[in-house]
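Peer 1: Single-letter residue listing:
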Amino acid sequence: MEMAEFRTELHRWLDAHADELEPAFSPPGTLDEQIAQMQRVKAILFEADWIRYGWPERVGGLGGSPMLRTELGAALAARDLADPGLFSLIEVLAPTLIDFAPAELAAEVVPRLLSGAEIWCQGFSEPGTGSDLASLTCRAEPEGDATWVINGQKVWTSLAQYSDRCVLLTRTGPVDARHRGITAFFVDMDTPGVSVAPLEMINGQHEFAEVFFDNVAVPADRMLGDLHGGWAVAMSILPYERSSCFWQRIAYLYRRLEKLVEVAPDDDRAAEVIGNAFVQLHALRARSRVTQHRLADGQALGAETSIDKVLVATAEHATYDAARRLLPGVVEMDDSATGAAWRSEYLYSRAATIYGGTAEVQRNIIARRLLDLGSDE
Amino acid sequence: MMDATERDLLQQTVRDAFVSADTTTSLDSVLVDLGWLEMLGTARRDAVDIVFRSLGAVNGTSSVLDDVVVSALGIEPRADLAVLLPSFATWHAPGTTDGTDVSAMGVATARVATAADLLIACGTGAELSAVTVPRSAVEQRVIEGVDPDGGFRVVRVDRAAIGSSLGRCEWDAAITWGRIAAAHQIEGACRSMLELARTHALERVQFGRVIAGFQAVRHRLAEALVAVEALDATLTAAMDEVGPLTAALAKATAGRTGQIVGAHAQQVLAGIGFTTDHPFHRFLKRSLVLEGLFGSADEIATEIGHQLLATRCVPTLIEL
Ligand SMILES: Cc1cc2nc3c(=O)[nH]c(=O)nc-3n(C[C@H](O)[C@H](O)[C@H](O)COP(=O)(O)OP(=O)(O)OC[C@H]3O[C@@H](n4cnc5c(N)ncnc54)[C@H](O)[C@@H]3O)c2cc1C
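Taken in sequence, the protein lines are chains F and X.
FYI, the numbering used here numbers position 245 of the first sequence as 1249, with every residue one higher than the one before it.
FYI, the numbering used here numbers position 91 of the second sequence as 98, with every residue one higher than the one before it.
These are computed hints drawn from the structure, not numbers from a lab.
Misleading hints may appear alongside valid ones.
[Unchecked claim] If you want a taste of the chain F side facing chain X, the calculated C-beta under 10 Å gives, among others:
{"no.": "1", "residue": "M1007"}
{"no.": "2", "residue": "T1074"}
{"no.": "3", "residue": "A1138"}
{"no.": "4", "residue": "A1255"}
{"no.": "5", "residue": "R1259"}
{"no.": "6", "residue": "N1280"}
{"no.": "7", "residue": "A1287"}
{"no.": "8", "residue": "E1364"}
[Unchecked claim] Quick look at which bits of chain X chain F covers, simulated, 3 or more residues with Cβ under 8 Å:
{"no.": "9", "segment": "151-165"}
{"no.": "10", "segment": "253-260"}
For glycine and all other residues, C-beta sits at the position ideal for the given N, C-alpha and C.
Chain F with its partners taken away, still in its complex shape (with noise of 0.2 Å):
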């Protein structure tokens, strides 16, 4: 289907449908509310295939450029019928499946995230190691030729206590091997030996977990990619991550500063501060199409995407700086269901700067990388 047609069709759907998809609960909910919405929008999504548009057909998919599903994505964002910081989970782990897993099993497990069935989530980050992704340790030992043996702590873990399954990046190699020596299992979360420990977050909901380790037995057909080639694996994100993933927060942002300008004071203040951060979402939203449709012509996506990363979070931090500042007490003092979904996003939005690779990582890639300044050490 054309992406034109698709628009058109898919938001006439959205509003013949929109009673059934909306939330039973209202916002911001409990993040078990706000899972529940999302597994049955999925659910519903996938029963009348527009989920399934825009991933290819060898994983239950229809086919059709991957723009599609990133057009559904924000669509459900921009209506408010799903998170898309839990939506875009999809995006950040279905394609993973399709290029690094064996045929049969992307076959089988993809359709489950697709439809609702599932949840899985994405295990890299670990006590020691944040940025410095190649230097992690959790550590999978082959026993026999069938198993790999798993031991070591995961952290931060989005979804984890939800999760049917991980993506899992562990050690193989020495650890001084760094990238070299890292190797991905796709790993379901009731293996014995598997124990999560959800987290609270800033905001109060418990969104992420540790995940612990011991002795977790995976057949070693689960792993994905190479042995010692969890690194591709894991760059493999990037692309998906940058583009679709991003478009879905933008249209997520335009609807944040949507309510804040529904209620804001008409005055020369608002109405800079409200200006400011708008040019700065059309900028991203300029800036996030042509990386969309540079990775839909086949293009390899590489470190010009921290641009778009930046740009992101930047625009995050502003639109929710706009509101704190035009809503005076809201974030702070509002104990109405309006406050706190203000102050629980406020706080969230802080996590743009650091999720995904820091803001800090993004610039040391974009100083190396795209102007070419040499090696910072």
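Place chain X with the ligand on chain F using the hints.
Peer 2: Chain X with the ligand only, in chain F's frame:
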């Protein structure tokens, strides 16, 4: 539309012309010989994009902005027709008329010094009309200001008799294209400022190493590149869908980008960039002036903010 080869050729020719031209007039006439006036009719987007980016990149001074504004008004541009631009940091039509006489206040490029006529848009709202007055009716003074090389003049017309009436005009279109042109020029200037700072960072040695090795320096240059690329994308969006709002957003982004890149490049260049021996200062000064032309970043943002508050909605403008 031009194809890639035509674009490259135009770009190279324009840059060479800018480098070899020593006076404004010769630069403008080189462009006219290249077919600039015809290009404005047949391939305005490409022509404006390439010419103004190059103008910014080499810090050239030219009066071709007049042709862009005149043709956006739906009037045939001529090398001897200057146009009155709004005063610094404003964007309303600069003139008023009672149908016989015209009075106006604004700025103009150097062309006003030699042109036969000055075009003035008069009125407010939908009631705009375009008139000309002969140069003899124009009081003008060269603006020294921060950028004496910019060639701008402050212009006053005091109850002069209308030379010719050109009928109703769309001032919005003039502002739209003026902003697009100025934003391209700022992008060119920003890329040059960034490149000057980058080159300096790779050559300057302090504490026994090139300063490009210091993370504080690297991050400033990275921030500057982020700003320039964001501006580039807003210009692409503005050219895809030319309109008052996309152009306003691009111009606001350009103004902000000039501030960001100017500040970071200046800090990295430090002492050497503080001298007039180094070319940096010219770009910085020109970008200060260009930011004010047709409205500064803050003024345009405030104007847009008022529009959003009036409609209580935030338009997405760009789709996949
Ligand atoms: C809401 C949220 C959700 C997350 N979800 C997941 C998830 O699902 N899965 C997962 O694996 N991880 C997840 N993370 C973890 C995230 O990826 C890490 O927090 C991130 O990579 C940064 O690592 P760190 O927190 O250890 O910070 P550190 O790397 O310790 O950095 C601390 C500070 O030092 C700076 N710094 C570090 N190195 C450099 C350098 N070379 N140059 C300059 N400055 C530097 C950083 O920018 C930062 O300001 C999540 C985090 C958050 C906040």
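Peer 1: Work down the list of hints and note, for each, if the structure agrees.
Peer 2: Here is how each hint holds up against the structure:
1. Because the beta carbon of M1007 of chain F sits about 6 Å from the nearest beta carbon in chain X, less than 10 Å, this interface hint is met.
2. Checking T1074 of chain F against chain X by beta carbon gives a least distance of about 7 Å; that is within 10 Å, so the hint holds.
3. Because the smallest distance between the Cβ of A1138 of chain F and any Cβ of chain X comes to about 19 Å, over 10 Å, the interface hint for this residue is violated.
4. Hint status for A1255 of chain F: holds, given a least beta-carbon distance of 8 Å to chain X, under 10 Å.
5. Interface restraint check: R1259 of chain F against chain X, minimum CB-CB distance 8 Å, threshold 10 Å, status holds.
6. Interface hint at N1280 of chain F: satisfied, since its Cβ lies 5 Å from the closest Cβ of chain X, which is below the 10 Å cut-off.
7. Because the closest C-beta pair between A1287 of chain F and chain X is about 4 Å apart, less than 10 Å, the hint holds.
8. For the restraint placing E1364 of chain F at the interface with chain X, the shortest Cβ-Cβ distance is roughly 7 Å, inside the 10 Å limit, so the hint holds.
9. For the segment 151-165 of chain X, the proposed coverage by chain F is not satisfied: 0 residues have a C-beta within less than 8 Å of a C-beta in that chain, short of the threshold of three.
10. For the segment 253-260 of chain X, the stated coverage by chain F is satisfied: 3 residues place a CB nearer than 8 Å to a CB of that chain, which reaches the threshold of 3.
Hints 3, 9, counting from the list given before, are not met by this structure.
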